[in-house]
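Peer 1: Sequence:
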Amino acid sequence: MTGSFAKENREGDFQMSNRHLLVIGNGCGGTEAAFAARTSGWEGPITLLGDERFQPYHRPPLSKTYLKGEVTAESLHLRGDVAYERSAITLHAGHRAQAIDRKHRKVAMSDGTEIGYDELILATGGRPRTLPVADALPQKPSNLHYLRTRTDADALRDELRPQRSVVIIGAGYIGLEVAAAAVRIGMTVTVLEAASRVLARVTAQPISEYYEAVHREAGVNILTNCVVEGLETRGDGRIEAVRCSDGTRLAADLVVVGIGLIPNSELAAEAGLEVDNGIVVDDDLRTADPHIMAVGDCVRQYSHLYDRFVRVESVPNALEQARNAAAVLCDKPTRPTGAPWFWSDQYDLNLKMVGLSEGYDRLVLRGRPEDRSFSAFYVVGDRVLAVDTINRPADFNVSKRLISERIPVTADLLAASDVSLRDLVTSTQPSIASSTART
Numbered sequence: 001m002t003g004s005f006a007k008e009n010r011e012g013d014f015q016m017s018n019r020h021l022l023v024i025g026n027g028c029g030g031t032e033a034a035f036a037a038r039t040s041g042w043e044g045p046i047t048l049l050g051d052e053r054f055q056p057y058h059r060p061p062l063s064k065t066y067l068k069g070e071v072t073a074e075s076l077h078l079r080g081d082v083a084y085e086r087s088a089i090t091l092h093a094g095h096r097a098q099a100i101d102r103k104h105r106k107v108a109m110s111d112g113t114e115i116g117y118d119e120l121i122l123a124t125g126g127r128p129r130t131l132p133v134a135d136a137l138p139q140k141p142s143n144l145h146y147l148r149t150r151t152d153a154d155a156l157r158d159e160l161r162p163q164r165s166v167v168i169i170g171a172g173y174i175g176l177e178v179a180a181a182a183v184r185i186g187m188t189v190t191v192l193e194a195a196s197r198v199l200a201r202v203t204a205q206p207i208s209e210y211y212e213a214v215h216r217e218a219g220v221n222i223l224t225n226c227v228v229e230g231l232e233t234r235g236d237g238r239i240e241a242v243r244c245s246d247g248t249r250l251a252a253d254l255v256v257v258g259i260g261l262i263p264n265s266e267l268a269a270e271a272g273l274e275v276d277n278g279i280v281v282d283d284d285l286r287t288a289d290p291h292i293m294a295v296g297d298c299v300r301q302y303s304h305l306y307d308r309f310v311r312v313e314s315v316p317n318a319l320e321q322a323r324n325a326a327a328v329l330c331d332k333p334t335r336p337t338g339a340p341w342f343w344s345d346q347y348d349l350n351l352k353m354v355g356l357s358e359g360y361d362r363l364v365l366r367g368r369p370e371d372r373s374f375s376a377f378y379v380v381g382d383r384v385l386a387v388d389t390i391n392r393p394a395d396f397n398v399s400k401r402l403i404s405e406r407i408p409v410t411a412d413l414l415a416a417s418d419v420s421l422r423d424l425v426t427s428t429q430p431s432i433a434s435s436t437a438r439t
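According to UniProt numbering, the sequence shown is numbered sequentially starting from 1.
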């Protein structure tokens, strides 16, 4: 076996330190934290815990290629089997942490065992927000689906079949990605959204209108301003119809709910750590307890880029936080936090979003929506807060720099089709402005 942490190389290394790093949560953030700690120089034992029985895997494909059957479960794995052994990381899949004893630095497990730690990283992620009218039912209907885990995706994939009807509650990323997959295989698809437009929480109205039009063109029925009032069930407990507050009744063979994510912060809260829409951490990802850090979707951290506390549900953000947490543990330099970014694949459209748009006062479009390739810039003053790009990877790459480096640029320059975005980050503003003025 090769590698710096191959078995024949480990014994001498680990005699240098018996300090135990325990990571709770084996999603992308937790898994990356474990491996990054090892490569950053952590010499003691590392244990990675996860309550799912599967090897750590990528979640984003669950609502995209995996749901459509285009990739296998094995292809989702974050690392190969041998990687854990080579890096001397003990993986415990299917083990749930139940309580943290901060005084004695122990974690009680659901099976009654305890695991001690010297340093602890919480990467507990989040869980789907549930539908209140469904929670009021005596039991969860077998044809009611949420989508967060591989088990969720497997159950949903088994029910996606041609000629069946699906009602999707929630027109965010998950809801629209499922809608795109379902309509393509010949299902009757209806999307219900309580807000006045799709993607209302994350995009401006022109983007919402564009995506709504694309879905309608594909055959998806979208109902906005639609509040779900009840679920009608059969004798066997399965849902047969969804009722809205305006009296609309929609028959359904299955129902999918995608109405947001709740951070899994209870373990931290019960341990006496500060929790406020997520586990509160400082610039070094540390909680109020100097021996406990947190990373990923469960974390609320102050953003110096946006001058406020934020909780970001993003794989790239989780990976970045994981690497920085590992660097802090090993007394290595951390990397500056960049603008958070996200992506969604629907039909032939690749939507990439960078930054947080809250507070913008002007929206600038580049490109032509009718060409299925354009970008939307969220601007306040001479600063770009966020950018949505559709099938424009070059715009996305430049936008990450515009936002993260706070490069000043006016809305007029962004709107000028004869000005290259790349010039905005490689040239001085005065020279671009003057050259534009001459045209």
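Hints may contain errors.
[To be verified] Cut-off 25 Å, straight-line C-alpha distance, at most; resulting in silico cross-link-like pairs (SDA-like, lysine to any residue):
no., residue 1, residue 2
1, LYS68, ALA83
2, LYS106, ALA194
3, LYS68, SER196
4, LYS68, LEU261
5, LYS68, LYS106
6, LYS106, VAL315
7, LYS106, ARG308
8, LYS400, ALA269
9, LYS400, ARG308
10, LYS64, LEU147
11, LYS103, ALA194
12, LYS64, ALA194
13, LYS103, ARG308
Source of the hints: derived by calculation from the structure; they are not laboratory data.
Peer 1: Of all the hints given earlier, name the ones this structure violates by number, lowest first.
Peer 2: 1, 2, 3, 5, 6, 7, 8, 11, 13
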